[in-house]
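Could you build all of it, start to finish, from the sequences and the hints given here?
Residue numbers (the UniProt record's numbering), protein chains in the order written: chain A, 1 to 269; chain B, 1 to 274.
Hints are supplied without guarantee of correctness; some may be wrong.
According to the in silico footprint, chain A covers these stretches of chain B (three or more CB under 8 Å from chain A) [stated by the list, open to error]: (1) 32 to 40; (2) 64 to 71; (3) 101 to 108; (4) 131 to 142.
Since the hints were made in silico from the structure, they are not lab data. From the three backbone atoms N, C-alpha and C, an ideal C-beta is built for every residue, glycine too.
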Amino acid sequence: MQENKYVKYTLIGISVVFLTLMLIIPLLVVIVEALSKGFAVYFKAILDPFALKAMNLTLIATVVAVVCNTVFGLCAAWLLTKYSFKGKNILSSLIDLPFAISPVIAGLVFVMTFGRISYLNDFLTANNLKIVFATPGIILATIFVTFPFVTRELIPLMHAQGKDEEEAATMMGASGFTIFRKVTLPNIKWGLIYGVVLCTARAMGEFGAVSVVSGHIRGKTNTLPLHIEILYNEYNFTAAFAVASILVIFAILILIVRNIVEWKNEKEA
Amino acid sequence: MAKVTRVIPGFRFTMGFTLFYLTLIVLIPLASLILKGGGIGFGKFLQTVLDPRVLHSYLVSFGCAFFAAIINSIFGIILAWVLVRYEFSCKKIIDGLIDLPFALPTAVAGIALTSLYSENGWIGRFFYAIGIESSFSLVGITIALIFIGIPFVTRNIQPILKDLDTQYEEASMMLGANRWTTFRRVIFPEILPSLLTGFGLAFARGVGEYGSVVFIAGNTPMKTEIAPLMIMSKLEQYDYYGATAIALVLLILSFLILFSINLIQWRMSRLKGI
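In structure tokens:
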């Protein structure tokens, strides 16, 4: 069906202008501001000891959160697509719950569970365990906000593939783990990679939840996004954008991986 | 009840692990929020959440998120339409870019947008020239919420539009309807359920959003304070109960939105069934 040329180019024009204003220019401004005082200032900002410490903490929290949520995501997706049982819908909604919760509230729940007024406070102080305003709290908050990512990517995929192949493998005597490794995993690998990538993106950039549980101790409980906030609030804009540019590079890499995954999926389908 | 036999092994293990992890990470923390929040007492609870400053912050969060979700719905339909129906150069790049708000950390988006839309910013200077304060204002908050909500509507409509059979459109055209009527009467009803899902997700995300908004909002009391910020500032004063009370109201309102959207969708699918 042939569309009116004017309509077509107007709509394409609107889309391009909208995305340029809302997405491309914000990316550019980060890079331009970061380099506005030259490379020397740029490298000084990203190689600052506090920035490196923040990078380190972000890396730890991201790796732990992604590994935990990937194992969970595979388990939950397998459970929800290979079996039928009562309460499946409720379980599925509960897994999606963290999506509907504000990041600030996600941080707050851990303050209320492990913080000063929690039921566990006496036990934690008696054993000299620190969770809130320390690394464990940051990791927990990161796990919470990225909780459903892997599962959400896998469920539609595994649903569409059905369970015939797994059933056949069972009949031939394969164990659960072998079936997973040899039958399921090759089928879902691209979806899994994309889920992991999305989870990584969110974990690395989480701000609200981590901000609540971190306590903002420089060099100790600051992640990269929190470090950016501090620099920005100190009117040290160039340094803030310099550190932000690292995260922008990661974001672009993530988009590239996403597109490769989609392309592979289309090729296989 | 008949015993269900499950062919594929691993049911007990996956069920056990899923429930254990869900309880540990999500259910226990949420329960302690609710239980501890209850400790505040009803009178104090009402006093906290009915404080004019808090009420105003709910209004700002919900109002701006609603408005941003409406704008994203309009552009989302256009974007999905352009990406599914038209062929043009750099279409792949545009398609790939749409997920950027998912990939870019909210704090980075926040400082980038603030710099762009402030009075001397690349885009802000045009807004200020025509008298619109595009930063440290409700407009600024809405801009940030539009940014983070872009992918939801587009990504929900795209697959539906792709699978839509064009023969209904052709039939509608044959019967003499023009393109706009065809869109309104034939295509729009088909994409409406997924549009609502996308709208609901963008709205809910916007209501809770913190990182991208705090920088551009300016955070003036009774003007541009958002609800998550009120939780944050209560926490900074070590008023844990106050923070929890505000959080509980925000949680309930967000769930109500998602629930009512599900309800509308359910009603619509039932109407369609008849």
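Do the hints match the structure? See the list:
no., hint, in the structure
1, 32 to 40, "holds (count 4)"
2, 64 to 71, "violated (count 0)"
3, 101 to 108, "holds (count 8)"
4, 131 to 142, "violated (count 0)"
This entry does not satisfy hints 2 and 4, going by the numbered hints stated previously.
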